[in-house]
Amino acid sequence: MNRSPTLPEDDLQPVAGGGLLDRRMFLRHGVALGGAGLGFLAFDVGGADLPLWMKTPGGPLTHYGQPSPFEKEAIRFLSANTQAPGHGVSWTPLHRLEGTITPNGLHFERHHNGVPTIHPEQHRLRLHGLFSKPIQLSLEQLLRYPMISRQCFVECGGNSHAGWHEEPIQTPVGYFHGLASSSEWTGIPLSILLDEAGLQPEARWLVAEGADAGAMNVSIPIEKALDDTLLALYQNGERIRPEQGYPMRLILPGFEAVLNVKWLQRLQAVKEPLMSRNETAKYTELEPSGKARQFTFVMEAKSIITQPSPGFQLKGPGLYQISGLAWSGRGTIRRVEVSADGGRSWAPAALQEPLLSKCFTRFRLPWRWDGAPLILKSRAIDDTGYQQPERSTLIAERGQRGYFHYNAIVAFAVESDGSLRHVYA
Amino acid sequence: MSMPSPSSRPRSGLRLLLTGSLFIGGIIPLWATLEAAPEGPKLGVSMPQESIRDLDISVFPDGTGLPQGKGTAVEGKTQFEALCTGCHGVKGSGGSAEELVGRSPLNGARPDQTVGNYWPYATTIFDYIRRAMPLNAPLSLSYDQVYALTAYLLYLNGIVTDTEEMNAITLKAVQMPNRDGFYSVWGNGGH
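Top to bottom, those sequences are chains A and B.
Residue 114 in my numbering is what sits at position 114 of the first sequence, and the numbering runs on without skipping anything.
Residue 122 in my numbering is what sits at position 122 of the second sequence, and the numbering runs on without skipping anything.
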């Protein structure tokens with residue numbers, strides 16, 4: 001093993017239990033650490049000769065690029081009703097991604113009855129109800145409106161719901177917490193369209209409806225619609241894909257995804273909410289008292305370590321980088337702390353800039369594992385001061401039957417053989 | 001996050017005020033400049049409220065949007081057995097899809113959350129069946145069929161009798177057992 005001889009001893013002094021190191025260490029040493037024994041054999045270059053792909057011409061140009069054929073495991077995991085394959089979810093493989101942008105083909109999906117194939121010229125957006133001038137708009141017309149871009153997460157209210165289970169689920173992180181994705185969305189501030197149609201002062205809600213086979217509908221509070229809601233037409237630079245709502249969808253930064261209606265075709269301004277299935281029977285949280293929380297729109301702060309994580313194996317003691325994601329529907333992530341001793345001590349992680357409101361924030365922290373079993377955790381604090389709760393705290397507040405809005409601290413046990421498993425600790 | 005009062009919306013009214021200021025004194029108040037939304041090209045095609053009637057399939061708890069039509073549980077049973085049991089099971093229970101029937105107390109141990117013990121409004125049943133069911137052919141049912149299926153689900157949950165007619169008047173009057181089972185987090189400090 002090629003251990004770096006150049007690291008000052010100070011940098012290898014743990015700042016918290018379990019071998020957590022100073023978050024600035026990697027930044028200070030940069031590439032010098034690249035070959036510094038990240039648990040792998042540094043002299044293995046894959047072969048003694050120049051590789052074959054340097055000796056024959058490569059493949060042709062393509063109209064639309066695809067991932068490397070060697071990255072076949074970076075895929076969405078599907079959970080659908082076998083009798084209705086369009087009714088279900090697919091999970092973003094967060095454990096196989098880095099940075100903060102989710103590739104469009106890996107953005108999670110939730111469809112209530114399949115992905116519609118919508119002809120853009122035949123699609124109309126209609127605004128009616130409590131408007132002085134109800135209007136309809138074609139996509140061609142909408143493309144002439146002023147647009148803005150913003151990066152934000154979209155998270156299903158049911159993300160991480162296995163956390164309510166009695167036994168910790170053993171599955172890769174993305175297939176537990178990957179009903180959350182993050183993109184740069186470009187579109188028209190919805191307030192421009194509400195203004196044009198003459199939104200009346202007594203309107204308190206907008207009933208949004210999709211053009212899918214099920215006409216998915218939900219009520220949106222007018223304060224949010226006038227605040228930062230976007231009618232999105234582009235995702236990460238390209239037109240929104242069919243499974244994300246082509247040709248247009250709502251983006252309500254920080255709100256549970258069900259309100260971010262895809263394939264949007266109708267906005268009806270009203271005084272009282274519709275009380276649709278998706279705001280009564282679903283996306284409400286039953287508490288032990290028998291009462292249920294309703295209109296729980298904001299996705300509270302959450303953090304997940306994505307590397308190392310269950311399904312991967314540490315290759316022996318040595319220096320590693322802990323990497324993960326944090327986000328909050330209330331605002332900007334101010335701080336992420338990591339523990340490698342089950343929560344007895346915590347070290348602040350480095351947060352990747354820019355820090356964006358209601359957006360995935362990447363955190364990283366160097367860690368020297370001595371090979372002993374331990375418990376890894378992370379916790380997020382946002383700029384409202386809200387701190388991600390321990391699981392026991394969340395359950396004491398809500399019980400375990402709410403299904404939605406699980407955001408408790410996640411713990412992984414690292415075993416002496418380098419394997420990881422999800423634990424409640 | 002604040003809950004702006006309707007009068008604080010920096011929209012049409014503001015722009016009118018802005019125009020007025022320009023006209024009168026040529027002075028634009030700073031706050032108005034900061035709050036004004038970007039101007040759109042206003043390409044929306046005016047659409048009379050009547051023209052959307054056939055497209056508006058929203059049904060509200062006060063009955064707004066309920067169409068003409070009627071049905072009873074007796075009629076609904078026939079529809080249900082033909083269209084719904086494949087996923088929802090005989091009598092709305094034991095299928096691969098949602099449990100639709102049951103009146104277990106919600107504060108008990110892991111109760112199914114059904115139409116009978118959980119759904120707060122009967123109008124939601126109509127709204128949802130009409131727009132989304134059956135999965136293989138949504139929007140294919142007649143209004144009478146939707147009323148009949150709604151009546152049947154209410155009957156299976158012990159909320160109406162098998163001969164009680166559900167229509168635009170009677171459906172909105174149905175009191176669901178869990179009508180008061182929810183509290184809103186929005187607007188109550190939860191945001």
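Think of the hints as simulated: they come from the structure by calculation, not from any bench.
The beta-carbon is built from N, C-alpha and C at its ideal position, and this holds for glycine as well.
Hints may be right or wrong, so weigh each one.
Unchecked claim - Below, a list of computed lysine to any residue pairs in the SDA-like style, where the Cα atoms sit at most 25 Å apart:
# : chain 1 : residue 1 : chain 2 : residue 2
1 : A       : K271      : B       : R103
2 : A       : K291      : B       : K70
3 : A       : K315      : A       : V115
4 : A       : K271      : B       : P105
5 : B       : K70       : B       : F182
To be verified - Label pairs and their calculated CB-CB ranges:
#  : chain 1 : residue 1 : chain 2 : residue 2 : range
6  : A       : D227      : B       : N107      : 30 to 38 Å
7  : A       : Q13       : B       : R110      : 46 to 54 Å
8  : B       : E165      : A       : E272      : 25 to 33 Å
9  : A       : G17       : B       : N107      : 38 to 46 Å
10 : B       : V90       : A       : Q321      : 25 to 33 Å
11 : A       : H119      : B       : E165      : 39 to 47 Å
12 : A       : G342      : B       : S104      : 32 to 40 Å
Checked hints:
no. : hint                          : result
1   : A:K271 <-> B:R103             : violated (31 Å)
2   : A:K291 <-> B:K70              : violated (33 Å)
3   : A:K315 <-> A:V115             : violated (42 Å)
4   : A:K271 <-> B:P105             : violated (32 Å)
5   : B:K70 <-> B:F182              : violated (29 Å)
6   : A:D227 <-> B:N107: 30 to 38 Å : holds (36 Å)
7   : A:Q13 <-> B:R110: 46 to 54 Å  : holds (49 Å)
8   : B:E165 <-> A:E272: 25 to 33 Å : holds (26 Å)
9   : A:G17 <-> B:N107: 38 to 46 Å  : holds (41 Å)
10  : B:V90 <-> A:Q321: 25 to 33 Å  : violated (56 Å)
11  : A:H119 <-> B:E165: 39 to 47 Å : holds (41 Å)
12  : A:G342 <-> B:S104: 32 to 40 Å : holds (38 Å)
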